[in-house]
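A.B. asks: Chain by chain, the residues run as shown.
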Amino acid sequence: GAGVSQSPSNKVTEKGKDVELRCDPISGHTALYWYRQSLGQGLEFLIYFQGNSAPDKSGLPSDRFSAERTGGSVSTLTIQRTQQEDSAVYLCASSPRLLGGYTFGSGTRLTVV
Amino acid sequence: GQQVMQIPQYQHVQEGEDFTTYCNSSTTLSNIQWYKQRPGGHPVFLIQLVKSGEVKKQKRLTFQFGEAKKNSSLHITATQTTDVGTYFCAGSNSGGYQKVTFGTGTKLQVIP
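Which chain is which? The protein sequence lines are A and B, in order. For the first sequence, our numbering puts the final residue at 113, and the numbers step up evenly by one. For the second sequence, our numbering puts the final residue at 112, and the numbers step up evenly by one.
The hints are all genuine.
Selected chain B positions facing chain A (Cβ under 10 Å, derived; list incomplete):
hint : residue
1    : 1
2    : 6
3    : 37
4    : 99
5    : 102
Anything over 10 Å on all C-beta distances counts as not near chain B; from chain A, calculated:
hint : residue
6    : 2
7    : 5
8    : 14
9    : 26
10   : 29
11   : 64
12   : 72
13   : 80
14   : 112
Keep in mind that the hints were calculated from the coordinates and are not lab data. We treat Cβ as the ideally placed atom computed from N, Cα and C, and that holds for glycine.
Pulled out of the complex, with its shape left as it was, chain A reads as follows:
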């Protein structure tokens, strides 16, 4: 596609429920990131995929968070047993090569009530 697509754009869920957030990167982009941004705050790194290499999961805040990238394309971020502190905008970004700027999606705004 022309850009990075994220779905859903908004998600309201009850505390304790599981949620899945989806990211469709730009076709051919080998690098894919997930970030989290709370209101008015900076970008918190979650996980990084680069080609066929093992993902860098060092930013995942707890074992309730997991992510996968199937076929080197679409990525899904899963949050189990959501907590109120998980409320934030979850941003996905992709890049075509080792040296290159990242294109961000519009994000998924997650609200846990």
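Given chain A, work out where chain B should sit, using these hints.
C.D. replies: Just chain B now, with coordinates in the frame of chain A:
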């Protein structure tokens, strides 16, 4: 781990004044990127600097990469209301692949 700090955290300027944000890394960087995030939007890539001492310009924006490749700056000349937003730097270390670490961001408000 690598840390990237930006100063100032916030800056209010009168329209027409200049603005500068500074980015400092705890480790030597292989390259640095700059992004702009408008209120309610997502970060948008502006530029990448790779060489020590490199200077690049985009209209009223001037980007510099320090000689030691541990710091960078973004300078905006004669700010306009369209410059409002948060500016992030993002540095990559000399690892085998480009994992960038985003700075803390500088939020710019331009007063008309």
